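Chemist: Whole structure, please, built from the sequences with the hints as guidance.
Position 807, counted from 1, in the sequence shown is what full-length UniProt numbering calls 807; the numbers after and before it change by one each time, with no gaps.
It is worth saying that the hints were derived from the structure and are not from the lab. Check the hints yourself; a few may be wrong.
Claimed, not checked - In silico lysine-lysine, DSSO-like type, Cα no more than 27 Å apart, as pairs: (1) Lys781 <-> Lys847; (2) Lys171 <-> Lys243; (3) Lys161 <-> Lys243.
Stated by the list, open to error - Quick list of the computed label-pair ranges, beta carbon to beta carbon: (4) Ser661 <-> Ser848: 18 to 28 Å; (5) Gln452 <-> Arg904: 32 to 42 Å; (6) Gln870 <-> Glu815: 42 to 52 Å; (7) Glu815 <-> Arg904: 41 to 51 Å; (8) Ala973 <-> Asn788: 46 to 56 Å; (9) Ser661 <-> Gln939: 25 to 35 Å; (10) Val834 <-> Asp423: 26 to 36 Å.
All values derive from a computational prediction rather than experimental measurement. We treat Cβ as the ideally placed atom computed from N, Cα and C, and that holds for glycine.
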Amino acid sequence: MAAIGDSYSAGIGAGGRLGSVFDLLTPGSDYACSRYDHSYPYIINSDGRLGDKASRNFQFKSCSGAVISDVVDKQIPAIDSNQQVILLSAGGNDVELVNILNQCIYELGVFNKEQVAVIKLAALKKGWAWAENFNWDALARGCDGQLDYSQALIDGDAFSKSLDQIIDRAKSKLASDGMIYYTGYAKFFADDTPDCDKVSWSSWLFKAHDMQRPYEYLTGPRRSRMNKLVEAVNAKIAAAVQKAGTDKVKFVDYDNTDGVADGTVEGYQNQLAQLSLLADPDAKLNLPAGVQSAQVSALHVEVATADQTAAFEIPNLLPDGYGRVFHPQILLHKIIANLVIYNMVSRNAQSHGYGAVQEVATLDTCPYYSDPHSSKNQQIALASYIHPLADPDAWTRMLAMDKNKVSVLVANVLNGPDAKLNDDWNTAIKNAVSSGKRIIGYVRTGYLGVSQQQFKTRLGSGRLSDWVAQIEQDVDMWYKLYPGLMGGIFFDEGWNQCGTVQNDNLYAGLYEYINDNTKRKYPGAYTVLNPGDSMPKCFEDTADTLLTFESSFERYLDNSIYKANGWDAADPRKIWHIIYNVPKGEVGRVAALARQRGAGFIEITNDIMPNPYDNLPAADYMQEVTGSVSGGAPLVAPDPGFPFDNRPGPTYNPPGLDIVSFDYTSASLKWYADGGSFRVAIMGTDTVYNLQAGMREVTIGGLSPGTTYSFQVTALSPGGKIWVTTETKSVKTWDLPDGKTVVNYTSTPSDGSTTIQADVLVPYAFTRLYIWDTSSCNLVKTPAWPVNYNTTNYICAKYMVEGETLYKYSGVIPEGYKNAPWSWSSVGSVSVEVSGYTNKWTLPLGKSTIDTSNFVIQAEGYGPSTNVFQPNPVDGSYDCKGSGMCTTPDLLKWCDHAVNYLQRNDNLTYATFPSSDGNDRLTGNCWGDGTRGCGVFIQGGTKCEISGNDMWHAYQDIRNIGGCDKCGSWHRADGCLVTINYVSGCNNHG
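Modeler: Shown next as structure tokens:
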């Protein structure tokens, strides 16, 4: 099967854009042609009604902007012969659809004849190659003139002949039993309503060129005329198909399907109004998810010369975000796909001696799904840990996926919700909810601290009650920071042993207790517990869904490794399997195997360890995944309530409560009471922690330094009835020293290793360590990871410690890009010791490799984000002052020459005092035009001296660390200065 044609079959704007931005300038590539993963050819190729997809060969050659000659000369020769199905759309661009949009709707480039002459001359003077062949006359036609011109093109013999030609050439690629499905075009305006008569979507970017030009309005007659143009194009295509013979070509006229065309554009008026703000450089874009990725596409204009054809890239008149509004959206692509498949099925039935299939039986304006609450429907849940700012395209694609197939997304800000709102995540979560997805928040449970790793809470505790308190705190934080948006909680790192001994359900019971409390507090919450491994039946009621496999494709297929639960869930949606490193060709097989194993939820990816969740697979891969499931909705258990209980509780007068200890952000409590459960409240707030019976002490974190808190504990009956309440106890947390959260940081380097130590006074989600280079910091020539110490300046890290692993920076900035990619390679292990507040890292890296006395401690998550630099690049040691002549045009190149011709060795050549033999030493170097220049020199007291190598490095640091783009100085600790400044009378020592 092959797809050829223009943007209608390429699917511009429908779902996720295929290919990579790096292929933008590669003619014919997915990205350059704006092919999308919800185009109707792509949907047809993924449809299970066509049989085993693995046995099909699909060639997708449709290209946005293509005219019929492009399809004939470039696309058809590129597809194989003996095609059984060819999907074709072409002709719209031949009658100048883009020019109609320009003249009648957007007015992005509309001028009168006099203005065209002036602009044309200016463009040719610029030497723009594309300007020589540009259709300048089209800019001055006006809307009615353009409609007349397009009508003439449609009525002309040339258009009919070109349609005959493209059909004839496409037929030459058919197999003996093959068929061409030629799709027409859709009308986009309702012309039976006055609602749009006074609407104009004229871009005011154009108004800057022609302030006197009146707006073009979408009046009823004008909308009706544009619709009739579409009808005329479809009629011409239908006539050409009839002429070619309907045994080989079928015209697919979806425009007559009831309810498709009427008012389609009207639903996008708000988007278009916002898109007009693109022209305002001061405006802040806040576009809907459907138009956020409105990249400017490219037109490939070929200019023939005597000996070669040169390709020039010019901006397209309309970016994808504009063009998609006047193209089929995802729903219409699905309708077209269904209609084409209907014709395939009907033709196949007739060829086997059966009657034609009734069209009404298969074509529907809404895709069919069986009961979304049926236990038979498999669906997709995604551990969508990708930061929205790092990969906005991934989020755009996820949100465009069918909500009945991709029903659940997991949000993870910083190993949980963090303690403050994240604007980027907030926007992504809002957009996801608007798209019909259920967002559940990531909460770490640390295997309750009882696994072999013996994980600790952020406060460094392994006590069960402290884990429960932290888990509840994170659950509450998700719902507090993102109110009205959260659809539930994803409990990660679940411990999958029932209890400590046989018939002891301590751990399973604790997870069930946490789950029940979550549902009572947040009705409708959907919960997932993830041990990533099989679970015994004692866990059946611990969450709505249990994630019982999280490993590789190879392990999933190996029956000697894969472990089943040993019990059957009543509903397959109880079980979720994540399988990574799955080849694209094996997706269907893995999904089927997951269904066989009773998994109602799956996540399949080709990403690999150590982090198989750091990117979303390509659009074609995800199309395979979504095509392998039927879709549904999560099964959410209701609030369990409390059992009936009428027992009187024990009496105390009053029971005791002690504050055992406290520090900057936490307080440890202990009480003396019996109860079915306990409720620990922070008075004056809505913060409450629920603890099981038997738990009589807990450490409460997340408190603010230097603040007074009051606590009270209530003993509850098994039925949730209040038995007794303790007295209230208060405490004031410690003040941070000078407001700092990281203090007492030191480095002890040797040749082959280094010990770095710091006191971290508050618990963080992550504490990273960077080693940075003090020399120049050119991210392109010498790649490194930048860590900003103010808005515009940064140091460049060459090594990083995260967890117990040492990494070396391995990123490379592609040509034309400015941002360094987050890319590191593991180079060794690090010994990490934590005792109280003191963190000690022992690195297998010493001063023989890099100056390890230069480091940054970066802490973030659940505390104020901080970067601690040693040495401090903003300690006032740099200033950017100099002569008023520092703006001299040639100054910078003089400065660079002066420093590059220093005597580059380690001898103390430069000083402010004579040498021992009485000869004056050089103070520096200068370069200029013989009269004026730039000097790089040492100055200060009588003991200032420096080597040429050190002065060269100091020069680079003044530029990069000090941020001085012209003149400036480095104030050394000994009172001396290395200075860059304008000088007169320069004798050009260099």
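Chemist: Hint by hint, say whether it matches the structure.
Modeler: Status of each hint after checking the structure:
Straight-line distance between C-alpha atoms of Lys781 and Lys847 comes to about 23 Å, which keeps the hinted pair within the 27 Å bound. With a C-alpha separation of about 13 Å, the suggested pairing of Lys171 with Lys243 holds against the 27 Å cut-off. With a C-alpha separation of about 11 Å, the suggested pair Lys161 and Lys243 falls inside the 27 Å cut-off, and the hint holds. Take Ser661 and Ser848: their Cβ atoms lie about 44 Å apart, and the range 18 to 28 Å is violated.
Hint check: Gln452 to Arg904, Cβ distance near 55 Å, so the stated range 32 to 42 Å is violated. A C-beta distance of roughly 34 Å is found between Gln870 and Glu815, which places it outside the suggested range of 42 to 52 Å. Take Glu815 and Arg904: their Cβ atoms lie about 30 Å apart, and the range 41 to 51 Å is violated. The given range of 46 to 56 Å is broken by Ala973 and Asn788, whose C-beta atoms sit roughly 24 Å from each other.
Our hint of 25 to 35 Å for Ser661 and Gln939 is violated, since their Cβ atoms are close to 56 Å apart. Distance hint for Val834 and Asp423: a CB-CB separation of about 32 Å, consistent with the stated range 26 to 36 Å.
Consistency note: the structure conflicts with the earlier hints numbered 4, 5, 6, 7, 8 and 9.
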